[in-house]
Amino acid sequence: MNIKAEQSLGLIFFPALDWSISPTHPEREERLLYTKDQVLEEGVLDIEGIKEYNPEVASLADINRTHVCIPNAEEIVTKPHLISAGGAIKAAQLVMEKQVDSAFAIIRPPGHHAFRVVPGSRGFCTINNEAIMVEYLRQKYGTELKIAFVDTDAHHADGTQDIYYNDPNVLHISLHQDGRTLFPGTGSVEELGGPGAFGYTLNLPLPPNTTDQGLHYALDNLVLPILDDFQPDLVINAAGQDNHYSDPLTRMRITAQGYAELNSKLNPDLAILQGGYSIESALPYINIGIILAMAGLDHLNIKEPDYQPEIKKQDAIISDKIKARVDSLRTAWKLKEESDIQKEFQCTDYYTTQRSIFYDTDQFRENQQLKIKVCTDCSGLIEIISSIRPDLRSIGQAKVLIIPFEVCSSCRKEAYQKYQQATEDPKFKHVYLQDKEEDQLLVSN
Amino acid sequence: MKLGIDIGGTNTDGVLIKNEEVLASTKLSTEADSLAATILKVCRELISSKKTNQISQVNLSTTLTTNQIAQENFPPVGLLIIPGPGLNPDWYHYSPATEVLSGSIDHRGREVAPLNLNEVKAALKKFTQEEISRVAICAKFSPRNPKHEIKIKKLIKDEFPEFDLLTLGHQLSGKLNFPRRTATTYLNTAVLETQQQFIAAIKEGLADLGIQAPVQVLKADGGTMSLTESLQAPIESINSGPAASIMGVLATSDLKGTTLALDIGGTTTDISLFIDEKPLFKPQGVEINNYKTLVRGLYNESLACGGDSLVQIVDQQLQIAPQRRGNAAAYGGVDPTPTDALVVLGLDQQGQLAAAKNSLEPLAKQLGLTVKKVALKIVELFCTKIEEKVTEILNKLNNQPVYTINELLSISKIKPNSLVGIGGPAAALIPTLAKKLKLDYLIPNYSPIVNAIGAALARSTKKCTLYADTAQGYYQLPELGITEKIEQLDLATAKKILQESLAEQLPNSKTEIEITSAQSFNMVRGFNTIGQIIEATAQIKPGLTNKLRRGHL
Ligand SMILES: [Zn+2]
Ligand SMILES: [Zn+2]
Chain F
1 MNIKAEQSLG LIFFPALDWS ISPTHPEREE RLLYTKDQVL EEGVLDIEGI KEYNPEVASL
61 ADINRTHVCI PNAEEIVTKP HLISAGGAIK AAQLVMEKQV DSAFAIIRPP GHHAFRVVPG
121 SRGFCTINNE AIMVEYLRQK YGTELKIAFV DTDAHHADGT QDIYYNDPNV LHISLHQDGR
181 TLFPGTGSVE ELGGPGAFGY TLNLPLPPNT TDQGLHYALD NLVLPILDDF QPDLVINAAG
241 QDNHYSDPLT RMRITAQGYA ELNSKLNPDL AILQGGYSIE SALPYINIGI ILAMAGLDHL
301 NIKEPDYQPE IKKQDAIISD KIKARVDSLR TAWKLKEESD IQKEFQCTDY YTTQRSIFYD
361 TDQFRENQQL KIKVCTDCSG LIEIISSIRP DLRSIGQAKV LIIPFEVCSS CRKEAYQKYQ
421 QATEDPKFKH VYLQDKEEDQ LLVSN
Chain C
1 MKLGIDIGGT NTDGVLIKNE EVLASTKLST EADSLAATIL KVCRELISSK KTNQISQVNL
61 STTLTTNQIA QENFPPVGLL IIPGPGLNPD WYHYSPATEV LSGSIDHRGR EVAPLNLNEV
121 KAALKKFTQE EISRVAICAK FSPRNPKHEI KIKKLIKDEF PEFDLLTLGH QLSGKLNFPR
181 RTATTYLNTA VLETQQQFIA AIKEGLADLG IQAPVQVLKA DGGTMSLTES LQAPIESINS
241 GPAASIMGVL ATSDLKGTTL ALDIGGTTTD ISLFIDEKPL FKPQGVEINN YKTLVRGLYN
301 ESLACGGDSL VQIVDQQLQI APQRRGNAAA YGGVDPTPTD ALVVLGLDQQ GQLAAAKNSL
361 EPLAKQLGLT VKKVALKIVE LFCTKIEEKV TEILNKLNNQ PVYTINELLS ISKIKPNSLV
421 GIGGPAAALI PTLAKKLKLD YLIPNYSPIV NAIGAALARS TKKCTLYADT AQGYYQLPEL
481 GITEKIEQLD LATAKKILQE SLAEQLPNSK TEIEITSAQS FNMVRGFNTI GQIIEATAQI
541 KPGLTNKLRR GHL
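First to last, the protein sequences are chains F and C. Just so it is clear: in the first sequence, position 201 is 201 by this note's numbering, and no numbers are missing. Just so it is clear: in the second sequence, position 325 is 325 by this note's numbering, and no numbers are missing.
Just so you know, the hints here were simulated from the structure itself, not pulled from any lab data. In this text, a Cβ means the ideal position worked out from N, Cα and C, and glycines have one as well. Warning: the hint list may mix true and false statements.
Claimed, not checked - Computed cross-link-like contacts, PhoX-like style, restricted to lysine-lysine with a CA-CA straight-line distance of at most 20 Å: (1) 389/C <-> 415/C; (2) 265/F <-> 336/F; (3) 4/F <-> 292/C; (4) 436/F <-> 146/F; (5) 541/C <-> 51/F; (6) 389/C <-> 413/C; (7) 292/C <-> 51/F; (8) 256/C <-> 175/C; (9) 256/C <-> 496/C; (10) 496/C <-> 510/C; (11) 51/F <-> 415/C; (12) 541/C <-> 282/C; (13) 256/C <-> 510/C; (14) 256/C <-> 292/C; (15) 98/F <-> 396/C.
Stated by the list, open to error - So these bits of chain F aren't anywhere near chain C, every CB distance computed over 10 Å: (16) 19; (17) 36; (18) 405; (19) 411; (20) 419.
Can you build the whole structure from these sequences, using the hints too?
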C-alpha cells in the first residue's frame with residue numbers, strides 16, 4: 001500500500017544513541033531507543049511525503065548569534081549540543097526552502113531552559129536549539145519574520161522566554177505545569193514580557209493533573225485565537241512530552257492522542273522535541289502521534305499500551321482554574337497595546353530588575369542584574385551583569401550588552417559607548433556586545 | 001565444473017566454468033511460459049560433450065518470482081495481521097482477503113493484549129469458505145516476540161490442515177518495519193506454489209540429464225540459497241537478475257576503491273556501486289511493483305535510457321527515451337537510437353553505417369546540423385542523463401540517516417574513482433562517459449554473458465539479527481527461530497552467539513561472518529541499571545567462490 005501524507009513532513013530524527021549527560025541521567029543513550037523502534041516498526045519513514053534528514057552541525061557563529069556563553073562558546077558547548085541545534089536549523093531550512101510543508105526535529109538534548117546568557121547547563125539544556133534556529137532564520141530570511149512559539153513541555157520554557165522577553169516580533173506562549181509545583185518555578189500569568197514587547201510573552205500554568213481536556217480548552221480558547229490575531233509567519237511547537245500521564249518527573253495527565261490532536265489543530269510549521277522522560281510508555285506513542293498529525297494522516301489508532309479512556313476525565317476545580325487563567329490572559333493580550341509601559345514597569349528611562357537563576361546540572365547560582373532601556377523608537381538596549389556563585393572556575397563578573405533587531409540609532413550608539421566603558425572597567429572580567437543587526441559578537445576579556 | 005544460468009526477460013544465458021576459465025557459453029530466447037524448459041535446454045547445450053558427473057554446482061538466477069509479482073498473478077492468499085495500536089491497519093490490506101486480529105506486542109516484545117483464538121478460527125473459516133488455502137501471518141513487533149504468529153501456526157497445524165502453505169513474518173526478516181514485513185509475508189505466500197512447481201520441474205529435468213550436483217538459487221543480495229530455502233522464502237529471489245550482473249562484474253573485473261558500474265542495455269541502464277570490491281546494499285529492502293519489502297538486495301537503480309531507446313525532437317530539443325521502437329537502425333531497426341549515434345561516430349564499428357546515418361538524417365535537418373554533429377549531441381545527452389542520475393544516487397546514498405553522533409561525524413562520502421561498464425553499447429560509450437565523469441574505466445572481457453558468470457560463481461549468503469533484553473531475561477534470533485533464556489549478556493558474547501549461530505547455518509562455508517552492527521544499551525529505571533538491551537546483526541556477505549582469469553578490452 002502506498003500511503004501518502006496530506007502535508008509533506010521533514011523529519012530530523014536523531015536519537016543520538018551513543019550520548020548521555022551521565023550514565024543514569026534521564027538524558028542518556030536509552031532515551032529515544034524505544035521511540036526509534038516504534039518509528040521503524042510502524043514504517044512511517046516509508047510513507048510518501050514523510051522524508052528523513054540528518055541534522056546539520058551548527059557552528060559556533062550560530063551559537064554566538066543567539067547566546068552569550070561565559071566565558072566563551074568553545075568552553076560551554078560540545079558536539080552533541082551543536083548537532084542538536086543543527087537539527088533544529090536543518091528543520092527550519094527545509095521549511096523555508098519549501099522542500100517540505102512542515103518539519104519535526106526529534107533531537108536531544110533539549111534547549112528550552114537555556115537562557116540568553118549561558119554560564120553552564122540547567123534543566124538538561126545547555127543551548128537553546130529553537131532560539132538558535134529562529135535567530136538563524138531571521139538572519140538568513142529577514143529580520144521582520146514574525147514567529148510564534150507554543151511551548152507545550154510540562155516545564156516552563158524559562159530559557160526561550162528569557163531570550164524573547166523583550167522582542168515584539170516573537171510571541172512566546174508557554175503551557176506548563178504550575179511553577180509552584182515544578183522546576184523551574186517560573187511562568188506565572190503575570191510574566192507578560194519586557195517594556196519593549198509587553199504582552200508578547202504569555203504563560204498559562206496548568207494545575208497538576210490537567211488532562212487532554214484542559215490542554216485542549218487552552219488551545220481552543222487561548223492559543224489558537226491569539227495566533228489568529230498575531231498572524232505569525234511561522235508557528236513553532238516546542239514539543240515537550242513530559243506532560244504525559246506516565247512521565248516520572250511531572251504530574252500531568254496528557255495522552256498520546258492529546259498530543260497528536262494538539263499538533264493537528266495547531267498545525268505548526270516546525271516542532272522541536274523538548275523534554276519527556278517516560279521513555280518506554282509515552283515517547284514512542286507521542287512521537288508517532290505527532291508525526292502522523294503533522295503529516296495530516298489518521299492518528300486515531302495511536303494508543304499507549306495501558307491507555308484507559310478515564311484518563312481524559314478532569315476535575316471540575318482544575319477546569320475552573322484553567323478557565324480563569326485563560327480569561328485573564330485573553331484580556332492581557334487584548335489590552336497590551338493600551339497599557340502605559342512606564343506605569344506598568346514603574347520606571348521612566350530604564351527598567352531594572354535582579355534575578356537569580358539556578359544551574360542544577362552544574363550546581364551553581366547565577367545572579368543577573370538586568371536593565372532594559374524604555375525606548376519609544378525600538379524595543380530597547382538590554383544590559384546584563386552576570387556572576388555565578390560558587391565561582392569554581394574563577395569566571396568573575398561579566399557584562400553583556402544586547403543590540404536588538406530594528407534598533408534605533410541612539411540605542412545603538414549607547415550600546416557601543418557602554419561596551420567601551422565596560423572594557424575599561426576592572427570590575428568586569430568579560431565584556432560582550434551582541435549586535436543582532438550586524439550579526440556579530442564583540443568580546444573583551 | 002560450475003553451471004551458471006541467468007534467465008532474463010528476453011534471453012537466457014548460460015555458462016560452464018572450470019576453475020578460472022569459461023568452457024562454454026550459450027544464449028537462448030526465454031520461453032516465458034516455461035522457464036524450467038528453457039533452463040534445461042541451456043543445460044543440455046552447455047554439457048553436450050562434457051561428463052555430467054564433473055558438474056559440482058548449478059546456480060540459477062530466475063525471473064520467476066519477479067515476473068509473477070510484476071504481473072500480480074497471485075493465487076488467493078489469506079492475510080492475517082495483528083497490528084495492535086498504531087497506524088491505521090486498513091493501510092496494510094495487501095490481500096483482498098485480509099483479516100485484522102486483536103492482540104498486541106510492544107516494542108520490547110511484551111504481550112500487551114492476547115490473541116483471541118476464536119477470532120483466528122473465524123478468520124480461517126472465512127478463508128476456507130472463500131476456497132483459500134494459503135495463509136500469510138504477520139504481527140507488529142513479531143521479531144521481538146513471535147508468540148502470536150507461532151500460536152496461529154500451531155492452531156492451523158492442529159485444526160486447519162487444509163491450509164498447506166503459510167509464511168510467518170518474523171522468519172523472513174529480523175528488521176523492524178511492520179508494513180514491509182506484512183508485504184513481504186504476503187508476497188512470499190503468494191509465490192510459494194509457483195516456486196514449488198518450478199523446483200520440481202528443475203529437479204526432474206536435471207535428473208533426466210544425469211546432473212546430480214546441488215542446485216542453488218540466486219537472491220537479490222547477490223548470494224545463493226539452497227532449493228530447500230527457496231521453497232521457504234522464494235521472495236528472496238526477486239531482482240536476482242541485476243544481482244547476477246553485479247556479481248558478474250565482480251568476477252570479471254579488477255575493482256579498486258569505489259567503483260561505479262553501469263549495465264547498459266537496450267532500454268535501460270542499471271547503475272550499481274562497489275566499495276573496495278564489495279557490492280553496496282540497498283539501504284532499505286527491495287521495492288518491487290510498488291510493494292516495499294524487507295528483502296535485502298544489492299544496490300541497483302535503473303535509468304529508462306539504453307542503447308535502443310528512441311531519439312526524437314521534442315520542442316526543438318533532442319530527447320532520448322523513454323520509448324523504444326525495436327532495434328537501432330544500424331542493427332535492422334527503423335528509428336534513430338543512441339547506438340546509431342555511436343555507429344555514425346565510428347565508436348561502434350559493427351553496425352551498418354549507412355542505415356545509422358539515414359536514421360539521423362531527419363533529426364539533422366530539423367536541427368540544422370550535420371549528421372555527425374547530431375550524433376555527438378546524442379552521445380553527449382546520453383552521458384548527461386547518466387551523469388545526472390549518478391549525481392542523484394550519490395546524493396541520496398551520502399545522506400542516509402544515521403542515529404549516532406559517532407556515525408554522523410564520521411560519515412565517509414561515497415565518491416567513485418572508477419567506472420566499469422557492461423552491456424551492448426558499453427565498449428563504445430564508456431570511454432566518453434568516463435571522460436565526462438573524470439573516472440578511470442574498464443570494460444570486462446566477458447561482458448555479454450557476465451550475468452551468467454555472476455550466477456555461476458556466487459556463493460551462499462545469510463543474515464541474522466540478535467535482540468537481547470536481559471531485564472526480561474532472554475535473547476533471540478528471529479530469522480533462525482532461536483529464543484534463549486539469559487540473565488546477563490555482554491556485547492562481546494552477543495556477537496559470538498550471533499556468529500556461531502550463523503556459522504551453524506552454513507556448515508560448509510569457510511566465509512568469514514561479519515558483524516554489521518552491534519550496540520548495547522543500559523536500561524536504567526530510577527537510579528538503577530536493571531539490564532541491557534543489545535541489538536546486533538551479522539551476515540555472511542555476498543562474494544565469489546573464485547574469480548575468473550583477467551583480461552580487459
Ligand atoms: Zn520538561
Ligand atoms: Zn532605541
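**Prompt:** Are residue 436/F and residue 146/F close enough, with their CA atoms no more than 20 Å apart?
**Reply:** Roughly 16 Å separates the two Cα atoms, so the pair holds.
**Asked** Is the hinted pair residue 256/C and residue 510/C satisfied, with a Cα-Cα distance of at most 20 Å?
**Response** 24 Å, violated
**Cβ separation check - residue 411/F to all of chain C, threshold 10 Å** = At about 41 Å from chain C, residue 411/F clears the 10 Å cut-off, so the statement holds.
**Message:** With the threshold set at 20 Å, check whether the alpha-carbon distance from residue 541/C to residue 51/F stays at or below it.
**Reply:** Judged against 20 Å, a Cα distance of about 29 Å means the pair is violated.
**Message:** Beyond 10 Å on every Cβ pair: is that true for residue 405/F relative to chain C?
**Reply:** It holds; residue 405/F is separated from chain C by about 32 Å at its closest Cβ, greater than 10 Å.
**Message:** Hinted pair, alpha-carbon criterion (20 Å max): residue 292/C, residue 51/F. Please report holds or violated.
**Reply:** Answer holds: residue 292/C to residue 51/F is near 16 Å, not above 20 Å.
**Request:** Given the hint that residue 256/C pairs with residue 496/C, test it: the Cα-Cα distance must not exceed 20 Å.
**Result:** Not satisfied, since the Cα-Cα distance of roughly 31 Å exceeds 20 Å.
**Asked** Is the hinted pair residue 265/F and residue 336/F satisfied, with a Cα-Cα distance of at most 20 Å?
**Response** Judged against 20 Å, a Cα distance of about 26 Å means the pair is violated.
**Hinted pair residue 4/F and residue 292/C, Cα distance within 20 Å** = Judged against 20 Å, a Cα distance of about 14 Å means the pair holds.
**Message:** Just want to verify: residue 419/F was marked as not at the interface with chain C; is every Cβ pair farther apart than 10 Å?
**Reply:** 36 Å, holds
**Message:** Against the 20 Å threshold, does the CA-CA distance of residue 256/C and residue 292/C hold or violate the hint?
**Reply:** Roughly 32 Å between the alpha carbons, so the hint for residue 256/C and residue 292/C is violated.
**Agreement of residue 496/C and residue 510/C with the hint, judged by alpha carbon distance not exceeding 20 Å** = 16 Å, holds
When each numbered hint is compared with the structure, violations occur for hints 2, 5, 8, 9, 11, 13, 14, 16, 17.
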